[in-house]
Amino acid sequence: MKKANRTGSRFLIGLMFLFLYLPIILLIVFSFNAGDSSAVWRGFSLNWYRELFQNRLIMESLYMTLLVSLLATVISTAAGTFAAIGLYSLSRRKRDAILMVNDIPMMNADIVTGVSLCLFFVAFFQGWGGFARWFNGVQSAVELPTRLTLGFGTLLLAHVAFNIPYVILNVSPRLRQMDKNLVDAAQDLGCTWMQAFWKVILPEIKPGIVSGALIAFTMSVDDFVISYFTAGSATSTLAMTIYGMTKRRITPEINAVSTLLFLTVLVLLVVVNVREAQLEHREASREPRKPTLMERIAGRTNTPGWRWAKRGAGAAAICCFVAVVVFLTGATSSQPVVNVCSWGEYIDEDLIGQFEEATGIRVNYQTVESNETLYSLLKSGGADYDVVVPSDYMIAKLIEEDMLEELDYSNIPNYALIDERFKGLSFDPGERYTVPYTWGTLGIIYNRNMVDGEITSWSALYDDRYAGNVLLINNSRDAMGAALMYLGYSVNTTDPDEIRAAFQVIEDANRRGVFQGRVMDEVFQKMEGGNAAIATYYAGDYLSMVENQADGVDLAFVIPEEGSNWFVDAMCVLKDAPHKEAAEAWINFIASTEANLANMDYIWYASPNKEALEQYPAYYEETYGEELDQETYEIMAAPPEVLDRCEVYENLPQETLSLYSDLWVELGVG
Amino acid sequence: MSKKLIRLADCCMAFDGELVLDHINLYINDSEFLTLLGPSGCGKTTTLRIIGGFITPTSGEVLFDDVRMNDIPPNLRKVNTVFQRYALFPHLNVFENVAFGLRIPKTVEEGGRKRKVRVPEAEIRQRVLEMLEVVSLKGFDQRRISELSGGQQQRVAIARALVNRPKVLLLDEPLGALDLRLRKDMQSELKRIQQQLGITFIYVTHDQEEALAMSDTVVVMDQGRIQQIGTPEDIYNEPKNAFVADFIGESNILDGIMHEDFVVEFFNRKFKCLDKGFAPMEPVDVVIRPEDIDIVPAEKGALRGTVTSVTFKGVHYDTIVDFKGFKWLIQTTDYHSEGETIGIVLNPDDIHIMRKSQYSGMFGDYSSYSEEYDDLEDVSLLEEEEGGDEE
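If you're matching them up, the sequences are chains A and B in order.
Heads up, the final residue of the first sequence is numbered 669 in numbering that gives the first Met the number 0, and it's a clean run with no missing numbers.
Heads up, the final residue of the second sequence is numbered 390 in numbering that gives the first Met the number 0, and it's a clean run with no missing numbers.
If you are wondering where the hints come from, they were derived from the structure by calculation, not from laboratory data.
Among the hints, a few may not be true.
[Unchecked claim] Capping the alpha-carbon separation at 30 Å, the derived lysine-lysine pairs in DSSO-like fashion look like this:
{"id": "1", "chain 1": "A", "residue 1": "K198", "chain 2": "B", "residue 2": "K115"}
{"id": "2", "chain 1": "B", "residue 1": "K105", "chain 2": "A", "residue 2": "K198"}
{"id": "3", "chain 1": "A", "residue 1": "K198", "chain 2": "B", "residue 2": "K166"}
{"id": "4", "chain 1": "A", "residue 1": "K179", "chain 2": "B", "residue 2": "K137"}
{"id": "5", "chain 1": "A", "residue 1": "K179", "chain 2": "B", "residue 2": "K190"}
{"id": "6", "chain 1": "B", "residue 1": "K137", "chain 2": "A", "residue 2": "K198"}
{"id": "7", "chain 1": "A", "residue 1": "K179", "chain 2": "B", "residue 2": "K271"}
[What the hints assert, rightly or not] To list a few chain A residues with every Cβ distance to chain B over 10 Å, as calculated:
{"id": "8", "residue": "F10"}
{"id": "9", "residue": "D178"}
{"id": "10", "residue": "D221"}
{"id": "11", "residue": "L265"}
{"id": "12", "residue": "P335"}
[What the hints assert, rightly or not] Chain A stretches covered by chain B per the calculated footprint, using a threshold of three residues with CB under 8 Å from any CB of chain B:
{"id": "13", "region": "188 to 194"}
{"id": "14", "region": "198 to 209"}
Values in this document were obtained by computation on a predicted structure and should not be read as measured data.
Using N, Cα and C, we set each Cβ at its ideal position, and we do this for glycine too.
Using the sequences and the hints given, assemble the complete structure.
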């Protein structure tokens, strides 16, 4: 019985570890995948690591992450150590009370810390703006900047703030263990307090300081949520960049960078643990017991050779730090700048370098994952972008709320190259605010090997024959849009009865078990691996799925006969953008035929540039040495007769949006 | 010999409004071995810390060679301290611990200009090794602190303080953490070092035996006040009040009335004594040391009582005897069994008379023997609290 119990608990522990580590192992394995799927193994390759180091966006955010983490670690370690020493000299009751307060931020949800810091900074900036304007008004000797924004400074402050408690937590126990007479003894022997600090306190609490610093560094590198709310537009940490990249799909590049991130944190944690074990080893060296693994490592790494190696590593780390600082300060020195915010994996990054080389303007390229996030970022006042690339309905909303700046089209001669079809659309009828970036269609992606014949209608989404194999897109506008079109209504209807009827179609199908689930990014793995038959998604993404489909999967794309949604993402300049001229130069550059060709080839979304659209098949042939399949081309850039069937989303009135979200929530509960 | 090196004038100390030292007046002579003796929480460590400069008295003056030192920090006082539990620096080896003070540059004024002076390395080496020899730790200089026994650590602490050639060495219960045997060895060792170097030691302890064995002068303290200052013999033989009598050695303390010079009455009987100078019929405390009492057969005794308990103590028996409800402790080499009725004889020089004080009636009856031990335990709790406040 007892034995059975032990086997059982071992099994459970094994299962637990499997659950904890299998995903990470999978991620590491797929970072070495030759293909670019996250579901199908195509052989070993280091390609993604190579690409990673050539990916400017990732490398820049990596530098930013290291810089912020290192600076935050240094500052918070110093501040935390002195705070701990200050606390130590208080009476026990006061100290315990303050330490309890110190613990709260560590247990506090990151999101709360992040949002509150963001609010705090924004409120401060507003107050500062008022003060600076007044100050500049009453005197003219010093000109204070009136407009502060979230950025590197606030990011660093936030990291310092959330790191300090960890340092205090690590340093305090060492201080408490320290014989309180040591400082007295040092002073008694002739030291001033500062001398006593350097000669006695510091060596005594050094292990605590080092662990505190390592943990602070780990937390900093690791942090996403707090950074996300405090970094503003011009700065992006690695975690934020990865998150932005997942908007489209999880590429193996992300696997590679995540692997590196995981290994970094792992190494740091091992170092922390070895250090702690080393101390115990030293203190309990007389105790006759079998040393633990960490202690054995600790014992072995305590030789002079190892100590020199560790010192060398420390020196190397400092050199790296200095190099990063030099690199970054050099790179950011008083060059003209433009802050661009777009979606992840939505530009051929070579274009950024080309633009910088041609104009000398530095591009700060940031990404967010959805129109709604972009909107809330802009609304919170924390963002400082010049150029954004929202979708049609969001542009309408931004114009309505007076958040966009009118463009000076004389600075954007390439606007003339944009096809007339994409000008003056419903979201910007007067052609005052936008220059189209890409366009595309929503349609049905299906696996020919899992359905009977061709699919031509939205009805397939609600068909009992495919029960359990249909993926519902987890985006109320697209899901409801499909149902509305199926019923023959407009996707922009505001009639509650029509909307309720469309919802009824979805709900009925849901109750009958037609849907396998509600997905966004998982759609790639599901469809590529043949785990679902039918999905609603975007044409450009269909093309990358075909590229990665597993053996036995035969994907097809169709724009149903009832019609569909087509969308336009367009570049706009935000109201009061600090670098309007640079922003227009950027827009003009991106609107050029060359840039459009490069982008179309990279992201497989159709270009609105008339020449680029026409030249793309030839460009493809020249680049890859094979002809572009006409069918593929037509999926990428739907021909006019297909486009005529499609509708652009308009910005819906508030009560309609509320109805959408109420119904969508209801579906979730049901 | 009798030069006054340090003087405390009317020193008071209060922590959080609680008076810990109550008008302390004390002087310490050059080359003297002075002990501050008292139960935990009596203010002896506080007095030492005031001399060391770690705390500043709330009122009163600290004078070194008649110069006011109240606000001079410890690093500028020609005083070094041996701390309770040693306070050695764990990250330094024995040599570096001892050399610590020598390596701190000293600021000296020469013709109005301040200059930093360092002790040359060769001199440091020589002085450290010399001092290690004085404390019998020759050859231990490269050891780590954690590799030393308690007694050896103690010696390092002493060497570390003495190597700076202080005028005064302060020792805060330095032997408290050692076991009995080591403590005895270290007592004579300390006395030897003090005589060899000829410097002043101010020694804090709650162990009366230690105090009697080592000191030139003993200062008995309780509740923040000095109870008595004197040589060990004075303190033992002529305690000023019931507290001192009880704290130094064991005592039977009785209520008595001084009829006239040399005549005292207790237990309704008159006894001859050697004390005088009291008012007629003045109520007094009578001290009789347990080892001074001679037991005789009941019929020959001046007083008669019944043995209620006997404890073997090695050299002697602790015999508790009930005299009319008052229990006496008698130390005798003869065995008297429980329940036996015995008599005692008191010679005039066995009886010591003290004036009544706030401590009268608190000690002396051995019916409260065990409770007294309980009280002692409570006191150790008190000490920890005091320690907490000083942090």
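Checklist entry - Which of the listed hints are broken here? => result 7 and 9
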